[in-house]
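Dock the two chains into a complex; use the hints.
The listed protein sequences derive, respectively, from chains G and V.
FYI, this note's numbering numbers position 22 of the first sequence as 22, with every residue one higher than the one before it.
Residues are numbered in this note's numbering as their position in the second sequence, beginning at 1, plus a constant of 136.
Be careful, since some hints might not be right.
Rough simulated footprint, nothing fancy, chain V against chain G, three-plus residues with beta-carbon under 8 Å [claimed, not checked]:
| # | region |
| --- | --- |
| 1 | 5 to 19 |
| 2 | 65 to 75 |
| 3 | 113 to 127 |
Derived by calculation from the structure, the hints in this document are not laboratory data.
Just so you know, even glycine gets a beta-carbon here, dropped at the ideal spot from N, CA and C.
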Amino acid sequence: MWEHFVHGADIGIRGRGATRDDAFAEAARALTAVVTELDSVAPRLEVPIRCDAPDDELLLVAWLNAVIYEMATRRMLFGRYEVCTHDHRLVATAWGEPVDISRHHPAVEPKGATMTALRVACEPDATWLAQTVIDV
Amino acid sequence: MNTTDLVQRDATTWEIPPVGAMRVPIILYADQTLVRDMDEKVREQACNVATLPGIVDAVHVMPDAHWGYGFPIGGVAAFDAAAGGVVSAGGVGFDISCGVRCLLTGVCDEAIAAVAPSLADALSVAIPAGVGSTGPVRLGAGELDHMLTGGARWAVDRGFGTVADLERIEERGQMLHAKPSAVSDRAKRRQRDEMGTLGSGNHYLEVDRVAEIFAEDAAAAFGLRRGEAVVLVHCGSRGLGHQIGTDYLRDMVVAAAGFGLRLPDRELACAPIESELGRSYLGAMRAAVNCALANRQILTHLARGVFASVVPAARLDLLFDVSHNTCKLENHGGRQLFVHRKGATRAFGPGHPDVPDALRAIGQPVIIGGSMGTASYVLVGMVPERAWSSACHGAGRAMSRHEALRHWRGREIVDALARRGILIRSPSLRGVAEEAPDAYKNVGAVVDSAQAAGLARKVARLEPMVVVKG
Numbered sequence: 001m002w003e004h005f006v007h008g009a010d011i012g013i014r015g016r017g018a019t020r021d022d023a024f025a026e027a028a029r030a031l032t033a034v035v036t037e038l039d040s041v042a043p044r045l046e047v048p049i050r051c052d053a054p055d056d057e058l059l060l061v062a063w064l065n066a067v068i069y070e071m072a073t074r075r076m077l078f079g080r081y082e083v084c085t086h087d088h089r090l091v092a093t094a095w096g097e098p099v100d101i102s103r104h105h106p107a108v109e110p111k112g113a114t115m116t117a118l119r120v121a122c123e124p125d126a127t128w129l130a131q132t133v134i135d136v
Numbered sequence: 137m138n139t140t141d142l143v144q145r146d147a148t149t150w151e152i153p154p155v156g157a158m159r160v161p162i163i164l165y166a167d168q169t170l171v172r173d174m175d176e177k178v179r180e181q182a183c184n185v186a187t188l189p190g191i192v193d194a195v196h197v198m199p200d201a202h203w204g205y206g207f208p209i210g211g212v213a214a215f216d217a218a219a220g221g222v223v224s225a226g227g228v229g230f231d232i233s234c235g236v237r238c239l240l241t242g243v244c245d246e247a248i249a250a251v252a253p254s255l256a257d258a259l260s261v262a263i264p265a266g267v268g269s270t271g272p273v274r275l276g277a278g279e280l281d282h283m284l285t286g287g288a289r290w291a292v293d294r295g296f297g298t299v300a301d302l303e304r305i306e307e308r309g310q311m312l313h314a315k316p317s318a319v320s321d322r323a324k325r326r327q328r329d330e331m332g333t334l335g336s337g338n339h340y341l342e343v344d345r346v347a348e349i350f351a352e353d354a355a356a357a358f359g360l361r362r363g364e365a366v367v368l369v370h371c372g373s374r375g376l377g378h379q380i381g382t383d384y385l386r387d388m389v390v391a392a393a394g395f396g397l398r399l400p401d402r403e404l405a406c407a408p409i410e411s412e413l414g415r416s417y418l419g420a421m422r423a424a425v426n427c428a429l430a431n432r433q434i435l436t437h438l439a440r441g442v443f444a445s446v447v448p449a450a451r452l453d454l455l456f457d458v459s460h461n462t463c464k465l466e467n468h469g470g471r472q473l474f475v476h477r478k479g480a481t482r483a484f485g486p487g488h489p490d491v492p493d494a495l496r497a498i499g500q501p502v503i504i505g506g507s508m509g510t511a512s513y514v515l516v517g518m519v520p521e522r523a524w525s526s527a528c529h530g531a532g533r534a535m536s537r538h539e540a541l542r543h544w545r546g547r548e549i550v551d552a553l554a555r556r557g558i559l560i561r562s563p564s565l566r567g568v569a570e571e572a573p574d575a576y577k578n579v580g581a582v583v584d585s586a587q588a589a590g591l592a593r594k595v596a597r598l599e600p601m602v603v604v605k606g
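One chain only, chain V, in its complex shape (with noise of 0.2 Å):
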């Protein structure tokens, strides 16, 4: 991005003013070498969203943030319904609320290494994972929209799980308000065989080592010990999101007209949070993220056997789950807010009410996916909040897939993380190169950054070593 423009307020936060039909101005959290590999979509991106009616205060970048669709991904924005606020399904995305959990074991990573090649096997055959797989559970009508208003909890009534996992997942586990009703059949049709699957693309189960401690007050809180391994799950809302960001990106396109919008981008497409359809997709999104939530649930279930059988010794307690994709109503200086958050963490700092009890005084986990050979990181939230309490949610991609399978094979980044002690299993080679750790940015800059931005504080660096690949 040409940084000519851009008005540098510090090290960290740079702005671009309004102009035009921008409404609000766009502040970038990165330092200068970020913001100049960013893409100029993200600018162009940034500025549209920033025409939406009733949005507040500013549009916020991410440091990882890169070319998405409508919004940038990594980007933040905040909707008054009350002042014609809308909601978009492109701000959200296609995936509804993809994102990880961390799972602690409790174990020395010494004890993982010893038994690494047979969990490795163990864990790639008990979660289905890649393009065709299916998951162990098969649910009819009346049980997927059971599933879909109930999300991680009602996986735990279930029995995938247990109750203590709920606390430590973002609304508790079960996002509320969602409506089944406003999930189109086709989508429902599209999940009937995915519970409990991974997926393909970026997402992943992986076996970390806590590698490095930043923040001892935050890491005893969380229970992160240097030497010890985590558990980490990327994945989202499988098909059933999929396809409600299709059915409601068309509508909310065909509607815009009729609202009077006038999208910058279609990919914009939106409505406002007062009429039936930004209602009726509200609902659906929310019942997506119970999707979500769900499915990580289930993918847990499905980790905490394997483990029970390879590693007795580990216990794979949930430090915490966070979303990347959604659009949620939150309360910030005591205006409610539908935010945002696309390629974004909510990032709740210490003291904050929706914050689990037991990590209240230190803040919301924040967890930073890596990329197979690349670290991965877990952050706190802070205060005062910035970006309505966001932060980055990965590396984000430095390179496309098409140049990553030329410039790499599949099998040859398979050795090479072998040989640094990373096993990857993965139903496809082709996946695993246009995946290669190469092709994402430096994920330690991003972090960096975050950190220096005051969107969230470093608080353990995680290196793989072993990775189920979708």
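So here's chain G without its partners, still in its complex pose (with noise of 0.2 Å):
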């Protein structure tokens, strides 16, 4: 489950679910919407993305950002995250294609996940939240 929050100038996205990973991919999905509907994404092609941090806050910064490099680089859009983390390092697979202007519409382009609001947690509910908030 994912949704956006307010942001003055941006836009806050926030992810939930089971585990800490469920709510990565969550977050990355948030991400995903920021920029088109997520439904309009086909899984036709699929990235492995790496990354590590010092912390869990971190490492949602670095994984958000790798996330934003490889839409960048490949001109793409992901629509499906499969997310697994051990020890402040994250090995991840992203599903999606590349950018069609006719059919994405996409609103804005992600420039980075900042620091603003950054909170990975377990919640009282036993669920995980990851949030941040996306400059565009």
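Below you can see the structure in the form of structure tokens.
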């Protein structure tokens, strides 16, 4: 499950899931939804992504920035993600397709994941939350 | 922002005295309405900046300030390297050297209006804009490094524009001491196909009419005449700058403890100027400034090509090119200071040696971008300098993108603006809705405050006719 939250100039993204990995994957879906409608992205190609960081929160930033990098350099959008984290290392697969302006109508280009409102935590109801603000 | 604990110095100057860990006060330049409308986060972030080592005199907050990352957008702060001062990747931001340039067409607005649809169409084809767009220039590794050290001068050497353009760009088109070796391979890879692209979000190329002149002396010096058309180009350092911001923000956060820095907000990530990391960031950031200058130079060349074909009488002489998100070493009162401007424009007054010869007697042009349906402004720097010779940079958002999408549909905005004679071309209607003119503050009030506060003097108001949005 993902959602956007309000930031004055940019867009907050929030992923929730039964595990930290699920929350990270949902946060990435929220990132894609900043750009386009998720349902419009077909999972035609898969791209491996790896990153690491000193702690969980910086790992979320590193993960989202790695997705932004792949989006920018491959000119792709991703609609589905599988994430596996261990000891602040992340291995993931993103599925998507090249940007099609006429079909995706991409609204805005993410510049980077910030550390504003950054939070990775297991909530009292045992669900995981992963959130930050994306500079667009 | 709650104004009850602010000390009002005059109608447009407010002070927050230092408390706690703050080393210097905050000075806000805005009228009461703008100050009250500012987010409390602006105060919080400015107070955090005031705690950083080596900060000099005050944190200055422009009239268009809003919640940023670490620094408020519209925040200006200077640091003394000799006093342990820092350079902050957060204080510059992701879109390094995002800026605006203004080109003088020399033709009247009627001549533009007569061909506006075909001009809009031709510009939207020639100017790569929006997500996934690629530019007309592909750079190999060696050439990319030349661009990163050469800036707009590199672009002119490759046939994009003229030598005369360089005189009308900050740093004369080339930021010295750039260090391509400090730029990551990922940043360079991200830029490979993006030279000469506009980007998205609030980036645009506009054709405007000069609707009103406020200062005849400066307008004459700038070549601005009421009823003539100008072109504004607003964009930055594209993927390369974004990646440099990402890379160094992370490195500075991780290294902060080692420098003995206690960051009140991780986004204020910084390093001592006199450290290897600080010097490395400055070298990379200067390379990104050059990338932005080269990018706007290539876009200028593309726009000139369109005008040559659709409006052959137009010249598109460069009035000036300003950058918003930078950290520059400047001389202020005999002190060499590293001045961070995050969402703020350098605004040197008359007589400053860094103002081009032809404009030195009057001061540096300060170009304030609007938002599709609202006005843009040309201002001029003033003396005595205030806020390290800085001024506002735009209207600033009044409403989040999320809220804007709830209020408007892109098609409604495009149609409504067309009825007012403003033609919009954009690859994304959703992007247009997010950038709705009414999602921004009243830019007129912002520039009025800038003038009243002595930051910059109003010269001309520009109204949009054709807008190519990213």
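Now the hints, each set against the structure:
1. 5 to 19: holds (count 7)
2. 65 to 75: Holds: 6 residues of the region 65 to 75 of chain G have a Cβ under 8 Å from chain V.
3. 113 to 127: holds (count 5)
This entry satisfies every hint, going by the numbered hints stated previously.
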